[in-house]
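Line order of the protein sequences matches chains A and B.
This note's numbering applies: residue 1 is where the first sequence begins, and numbers increase by one.
This note's numbering applies: residue 1 is where the second sequence begins, and numbers increase by one.
Do not rely on the hints blindly, as some may be mistaken.
Stated by the list, open to error - Take a look, some chain A residues computed to stay more than 10 Å from chain B by CB distance:
1) Thr80
2) Ser82
3) Val99
4) Ser114
5) Trp166
6) Ile202
7) Val206
8) Ala213
Stated by the list, open to error - Pairwise CB distance ranges, derived in the manner of DEER restraints:
9) A/Asn2 to B/Pro62: 27 to 35 Å
10) A/Pro170 to B/Pro62: 53 to 61 Å
11) A/Leu49 to B/Val71: 18 to 26 Å
12) B/Leu77 to A/Ala85: 53 to 61 Å
13) A/Ala98 to B/Pro62: 29 to 37 Å
Claimed, not checked - Computed far set for chain B versus chain A, every beta-carbon distance over 12 Å:
14) Ile10
15) Ala12
16) Phe18
Honestly, the hints are just simulated from the structure, not real lab data.
Think of the CB as a built atom: it goes at the ideal place given N, C-alpha and C, for glycine as much as any other residue.
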Amino acid sequence: MNMALLIDGSLVVLILAVAIWTIAVRDSFAAVVGYAIYGLMLALAWVRLAAIDAALTEAAIGGGLTGVLLIRAAVRLRPTESVVAGEMPGRFVKALAAVLAGTVSAALAVVVLSLPVPAPTLAPQVAGHIASTGLGNAVTAVLLAFRAIDTLLEAVVLIFALIAVWTLTPDNFWGGRPGPKYDTDPNGMLAYLARLLPPVGIVVAVYVLWVGADLPGGKFQAGTLLAAMWLLAIMAGLTEAPPIRRRWLRGVLVAGTVVFLAIGFAGVPLAGAFLAYPEGFAKPLIIAIEAASMLSIAFTLALLVLGPPERSEHS
Amino acid sequence: MSLLLDLWTIVAVSAGVFFFLAGTVGLLRFPDTLTRLHALTKADNLGLGLVVLGLLPRVSSPLAGLKLVCVWLLVMLAGAIGSQLIARVARRSGPPA
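Same shape as in the complex, but just chain A (with noise of 0.2 Å):
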């Protein structure tokens, strides 16, 4: 028990730490790399808490791809940095955003603080319910049984960030590809690693997808691992971002929302309700809800670490 007290303090003492010094550091590129650093802090953290989905989906998106597209505008804002340096804000705007996050602070701690004991919860009707989809993993079974509709829009929110994105595209690079053209040495260390992980990745990634039916791991996971492989194969040159006027590319964007939503209203007629899965076909129609949207995330996300198109599609 005072182990395990031990190693929760120093974890939060850490998280703070990091939080604190991320917040406090000048140069945009070390609070991005304490950021990543935070990241991982909060899965272990989740680690901790026995919530292992959170805690995966935090490692790759809170302290990998977050971390990634972070680096990236941090890299981008280099040349103006220093002029925005040096304009001071004036004393009001420091007090009233003193003000601001103070009161954001403590109306949080308030509301943390009154939380009713025990904590409201759900899990018994989730465990109730959970035979009916075939699933072993609780959190698959909200995420896409029960709650099925917020991972819907999940989905779609992350295509409509990709278009937010992709409307920054200057109009004579528009359908081109995006991400600058790597220029990297064949035989050097990162196309060699661009070699070897992929495969390793992509198995671990199908892995991560399958067991989510039973064990934490799912989609996101599996999309992130996805998404990760194929960027350190185009930042090593071995291959090149696609033009984004290409049709496959736009299929394969939609292809999760697509076929959520195809099973979604068949369920009306088949099952009675939108997004009901019929009598014993629940976990094969999630699986395959999963796959596409692995693939779809997948995608999504390494677009959104490459940026919008900087280049026509044969320079």
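Position chain B relative to chain A; hints supplied.
Okay, now just chain B, sitting in the frame of chain A:
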């Protein structure tokens, strides 16, 4: 037998933690990027390796043990290549120190 295995776990994990500590001290104290990378690799390779070796007798199934060893191998691969890439950037951009 179980006492021996416990002893093995304690010794190996302690040794692994020592290498993590040494690597961290090196990262904080060494003068330039290349020597700091050198210190870090000890934590990745030896530190994690010894921790994994120490935990191997405690796994519930051979598959879990295999996963542990795979984690170690992947971290070594990523660590080695990551430090190569960092070292190259450091040599190109900074003055040789």
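Each hint tested on the structure:
| no. | hint | result |
| --- | --- | --- |
| 1 | Thr80 | 20 Å, holds |
| 2 | Ser82 | 18 Å, holds |
| 3 | Val99 | 37 Å, holds |
| 4 | Ser114 | 41 Å, holds |
| 5 | Trp166 | 30 Å, holds |
| 6 | Ile202 | 14 Å, holds |
| 7 | Val206 | 15 Å, holds |
| 8 | Ala213 | 18 Å, holds |
| 9 | A/Asn2 to B/Pro62: 27 to 35 Å | 33 Å, holds |
| 10 | A/Pro170 to B/Pro62: 53 to 61 Å | 56 Å, holds |
| 11 | A/Leu49 to B/Val71: 18 to 26 Å | 21 Å, holds |
| 12 | B/Leu77 to A/Ala85: 53 to 61 Å | 38 Å, violated |
| 13 | A/Ala98 to B/Pro62: 29 to 37 Å | 57 Å, violated |
| 14 | Ile10 | 14 Å, holds |
| 15 | Ala12 | 19 Å, holds |
| 16 | Phe18 | 18 Å, holds |
Comparing the model with each numbered hint stated earlier shows that hints 12, 13 do not hold.
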